[in-house]
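Line by line, the protein sequences are chains A and B.
Heads up: the first sequence begins at 1 in the numbering used here, then just goes up one per residue.
Heads up: the second sequence begins at 1001 in the numbering used here, then just goes up one per residue.
Warning: the hint list may mix true and false statements.
To be verified - Some chain A residues flagged as far from chain B (calculated, every beta-carbon gap over 12 Å):
{"no.": "1", "residue": "S3"}
{"no.": "2", "residue": "T12"}
{"no.": "3", "residue": "T28"}
{"no.": "4", "residue": "E44"}
{"no.": "5", "residue": "L49"}
{"no.": "6", "residue": "L50"}
{"no.": "7", "residue": "Q83"}
{"no.": "8", "residue": "E96"}
{"no.": "9", "residue": "T107"}
Said to hold, decoys possible - Okay, derived cross-link-like pairs now, DSS-like style, lysine-lysine, Cα gap no bigger than 30 Å in a straight line:
{"no.": "10", "chain 1": "A", "residue 1": "K58", "chain 2": "A", "residue 2": "K70"}
{"no.": "11", "chain 1": "B", "residue 1": "K1070", "chain 2": "B", "residue 2": "K1013"}
{"no.": "12", "chain 1": "B", "residue 1": "K1070", "chain 2": "B", "residue 2": "K1080"}
{"no.": "13", "chain 1": "A", "residue 1": "K51", "chain 2": "B", "residue 2": "K1028"}
{"no.": "14", "chain 1": "A", "residue 1": "K51", "chain 2": "B", "residue 2": "K1026"}
{"no.": "15", "chain 1": "B", "residue 1": "K1080", "chain 2": "B", "residue 2": "K1013"}
To be verified - Taking CB as the label site, the calculated pair distances span:
{"no.": "16", "chain 1": "B", "residue 1": "P1018", "chain 2": "A", "residue 2": "E15", "range": "23 to 33 Å"}
{"no.": "17", "chain 1": "A", "residue 1": "S16", "chain 2": "B", "residue 2": "W1007", "range": "17 to 27 Å"}
{"no.": "18", "chain 1": "A", "residue 1": "R62", "chain 2": "B", "residue 2": "G1095", "range": "31 to 41 Å"}
{"no.": "19", "chain 1": "A", "residue 1": "Q78", "chain 2": "B", "residue 2": "P1018", "range": "42 to 52 Å"}
{"no.": "20", "chain 1": "A", "residue 1": "E44", "chain 2": "B", "residue 2": "E1057", "range": "40 to 50 Å"}
{"no.": "21", "chain 1": "B", "residue 1": "K1070", "chain 2": "A", "residue 2": "S112", "range": "38 to 48 Å"}
{"no.": "22", "chain 1": "B", "residue 1": "V1060", "chain 2": "A", "residue 2": "Q47", "range": "20 to 30 Å"}
{"no.": "23", "chain 1": "B", "residue 1": "Q1061", "chain 2": "A", "residue 2": "L48", "range": "22 to 32 Å"}
Think of the hints as simulated: they come from the structure by calculation, not from any bench.
Yeah, the Cβ is synthetic: ideal placement off N, Cα and C, and Gly gets one too.
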Amino acid sequence: GDSVTQTEGPVTVSESESLIINCTYSATSIAYPNLFWYVRYPGEGLQLLLKVITAGQKGSSRGFEATYNKETTSFHLQKASVQESDSAVYYCALGETQGGRALIFGTGTTVSVSP
Amino acid sequence: AQTIHQWPVAEIKAVGSPLSLGCTIKGKSSPNLYWYWQATGGTLQQLFYSITVGQVESVVQLNLSASRPKDDQFILSTEKLLLSHSGFYLCAWIGTPNQAPLFGEGTRLSVL
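Extracted from the complex, chain A is given alone in its bound form:
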């Protein structure tokens, strides 16, 4: 079936260090899956961080980047230098978002950035 596996948390990093959250997917019933990273900051709802709909392309937002790699079925999220405000739960997701289909999410990765 379709599924998403991401880095298990919690992950703790120091400010200005680099961060990578691994995400791999399986899309057996979706021919051309779109890939997403969502983020939930403390006390807030789920927000779209970035989205990539074409294999081989890279998405970026707020200093984060993720490349849609169809060969390795991966969509890892990276940031070169994190800030305390990046502390949040990050979710990798895939889907076609048409009709009844919405998104299939990973379990989420809790990231804590220490000053």
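Position chain B against the provided structure of chain A, taking the given hints into account.
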């Protein structure tokens, strides 16, 4: 601009009591609407979706029901809560195909 609002923000309920969670979309007609649920330590699971008023499809059976009484409203409910219903409930909408879903702020439910 489109907005999505969920209510209540949080609920503490007793086992066996009824529940009603709401979701309202503003600024978009005929959106596709979705309910998601995340148990503590679990993943976000799609529960229901609705493409049009009066029509709701179930994706996962959790002894919950959903209704879409108006174009801009999506309701999640049950007559009898179970402990296993505890978790975080999110409403989402998609306006056009392949659009990234927009999520509400969520409702945190604790069943005691």
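Here's how the hints hold up against the structure:
| no. | hint | in the structure |
| --- | --- | --- |
| 1 | S3 | violated (9 Å) |
| 2 | T12 | holds (18 Å) |
| 3 | T28 | holds (17 Å) |
| 4 | E44 | violated (7 Å) |
| 5 | L49 | violated (10 Å) |
| 6 | L50 | violated (9 Å) |
| 7 | Q83 | holds (23 Å) |
| 8 | E96 | violated (7 Å) |
| 9 | T107 | violated (4 Å) |
| 10 | A/K58 to A/K70 | holds (12 Å) |
| 11 | B/K1070 to B/K1013 | holds (26 Å) |
| 12 | B/K1070 to B/K1080 | holds (24 Å) |
| 13 | A/K51 to B/K1028 | holds (21 Å) |
| 14 | A/K51 to B/K1026 | holds (23 Å) |
| 15 | B/K1080 to B/K1013 | holds (10 Å) |
| 16 | B/P1018 to A/E15: 23 to 33 Å | violated (46 Å) |
| 17 | A/S16 to B/W1007: 17 to 27 Å | violated (40 Å) |
| 18 | A/R62 to B/G1095: 31 to 41 Å | violated (23 Å) |
| 19 | A/Q78 to B/P1018: 42 to 52 Å | holds (46 Å) |
| 20 | A/E44 to B/E1057: 40 to 50 Å | violated (29 Å) |
| 21 | B/K1070 to A/S112: 38 to 48 Å | holds (41 Å) |
| 22 | B/V1060 to A/Q47: 20 to 30 Å | holds (24 Å) |
| 23 | B/Q1061 to A/L48: 22 to 32 Å | holds (29 Å) |
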